[in-house]
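Novice: Listed below, chain by chain, are the residues.
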Amino acid sequence: MAEQKPSTSIEAVESGLAAQGYIASRQIATAVYLSQQIEKPILVEGPAGVGKTELAKAIAAWRGMKMIRLQCYEGLDEAKALYEWKYAKQLLYTQILKDKLGEVLGGAQTLHAALEQLHDFGDVFFSKEFVEPRPLLQALEQPGGCVLLIDEIDKSDAEFESLLLEILSDFQVTIPELGTVSAITPPTVILTSNSERDLGDALKRRCLHLHIGFPEQRLEERIVESRVPGISQALRRQMVGFIHEIRSLDLKKLPSVSETIDWARVLVLLQASELDTEIVKDTLNVLLKYEADIEAAHPQITTFIAKAARSNVFG
Amino acid sequence: MRENLHRFFRAARGAGVHVSPAESIDAMRAVAQIGLTDRAILRDALLLTLAKSQDEKLALGDCFDLFFSQPEPRQDQPKPNSDDASPEADQSPSSGSDSEAGGGQSPEGLGPLAQMLLSQDRNAISAAIASASGAASLSDIRYSTQRGIFSSRILDAMGLQRLRDDLDELMATNPALAERLRGALDALREAVRDTVAQGLALYAREEAENLRHEILRNAPLARIERRQVAEMRALIRQIARRLRERYSKPRKRQRRGHLDVRRTLRRNAAWGGVPFLTAWKRKHRDRPKIVALCDVSGSVAQVSDFFLLLIHSLHEVVDDVRSFAFSSHLIEVSEILEKKSPEEAMAEIMSKVGFGSSDYGTSLVDFEKDFMSTLTPQTTVIVLGDARSNNLDPRADILRRVSERSKRLVWLNPEGRLAWGFGDSEMPRYATFCSVVRQCATAQQLERAVSDIVATYQ
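Just so you know, the sequences run in chain order A and B. Quick note: the first sequence uses the numbering used here, first residue 1, plus one each step. Quick note: the second sequence uses the numbering used here, first residue 1001, plus one each step.
Hints are computed from structural coordinates only; laboratory data are not their basis. Keep in mind that a hint or two might mislead.
As the list claims (entries may be wrong) - Mimicking DMTMM-like on lysine to aspartate or glutamate, the simulated pairs with C-alpha atoms at most 20 Å apart in a straight line are: (1) K1057/B with D198/A; (2) K1057/B with E216/A; (3) K252/A with E1338/B; (4) K1281/B with D262/A.
A quick note: this is a predicted structure, and the numbers were derived from the prediction, not measured.
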């Protein structure tokens, strides 16, 4: 039945991403599925290190497409994001072709005729050969489609957002000298944001909005399992439980999934078999990135380990 | 289902989620793709397409749960309200036989509503309530006072009149059946009341909140009630957030507009001046520097409190704020405000300088003596006060010097324009040296005033 299909295809997305080592929650899989079906970009928001960028990479790897990444920063403009005229090349060519130009123009009797001839090849220097495609234009020109990742859009300026609108809604850009370039195959667009500033409504309206928060304990365990296969199940449970306890504290920066994975790697390297106060104290700097946070967490370590161990028994 | 989705969009708007037509089209397309079979997936899909921030997601999630949990019409005996299939299946045959046993002789003469109630068909009753609330346009409900009228409209639409006639008739012919019908009617009333209450929660929340905010925004800050102070603080924080968003990232004008000839030539000296690399002019703009002088004498203290809270929540927008508080003399309070929570800070400031009778002259002398050097040509000086100096020397000459040293001098007066210059008000005398004098009595005026000050730097 047709109604049976969506949930199975959402599961297909989930397992496809899982094959690339990205364990997606059902919301994420639904978003990816929907963005494919109704051809809309996904705007991913959430704290740093929960796998927003990773999602784009996983989608690209899963579908065997090229990933084009545009890292946003303050002051990013269309010359760096969209296209640029190869100014130096234009200049070089005119220098090289100087003699030829003289020849061609030499044939003209009057100034007016020379100008006419100049008009004829004036467009030569503003043709496609002299356009340097930047990520956005590159993404439109991929014949097989691609995954376009526009990373940390909140870091860019407000007017850059407006520049994106045409691409996001119609998958095309307009270059004044060349006309409109439409996508050969509409790319899958992923935008990420750390909510540093509120994005414009116009941009949000064009996207599916996906918020990735910290994962649930089970999900996080599966993520660690897929990323750090060497870790034992008991330790995995214990450390994920510990991190969930840490997240309940009021810290400047909470440890996110990337920190969990790093910590798991560290624990494997140190050949720890279970968490104890000593080893946690030594490796806490992997999890917490501020001195004040480490100090705040220090007195709680023993209780948290005990709690994590207890939840381990019941879980 | 289209109808239901449309109603859901209205409910979402009621919950404060901005659903534009384009977004509702997206949601429709998404729903068409995923179907309606799986409620969890439907919820995810709607959250993805309609809600555009974390707050909106929470609101919409609640709205979804509320919307798709229609209150069940209650029967005379309390039944488990869960959608368990088996008890219901047990119930229906017995209730069917019940109604036959009770009133086998005359149900044919009854109206449809009475028959429905007597047969205790829960699904039919809830469907009837749903369609009647549609007919009574329940989604237009805005205020809690409208509950009664909507309830009676829904009951009317369901055919209450006919039911009453039936009841009267039955009273004469079959009192037992009439009694049962009366009980069922009470249950129905309750169910309708629940439906209306749910409708109110769904469609009117945003409206009520907006109304409350609007009233608060226009309430005079000086005479605000104690219980509203916390709410007002939250409102001021919201304002600060809005201002931050608007002004923290200055729009960069003309970044690539004009060629910087000097830098271009210098950079390309190696190629004999052929401009391979270009340099463009940039425009630097400075962020506002603010010096705030706040009157904290009795009449103006509350306004100063909110004003200082606002100014000090603008870190991203304003480079440098120095605040001074005065009534009979003047002290610097920037540090107190930076370090302590708003409540504590204000208490400390009040204990130091508050509650005196205001003396603008002496305070200005204090300022000139110690802090005149803080003023630069980039500084905006903001004075907040009612300019009522108790007939003491206003020392407007100092204000003139302040105005000469700074970029702008803005005076915010909580009193209305009409009161300026009457009694001991020195406003007209001070006003000559101010770039702007404006009234600032409500949160809205405060927002506009600060917004204008920051905007002059853009």
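Novice: Indicate, hint by hint, whether the structure satisfies it.
Specialist: The hints, checked one at a time:
no.	hint	result
1	K1057/B with D198/A	15 Å, holds
2	K1057/B with E216/A	18 Å, holds
3	K252/A with E1338/B	18 Å, holds
4	K1281/B with D262/A	45 Å, violated
Checked against the numbered hints above, the structure violates only hint 4.
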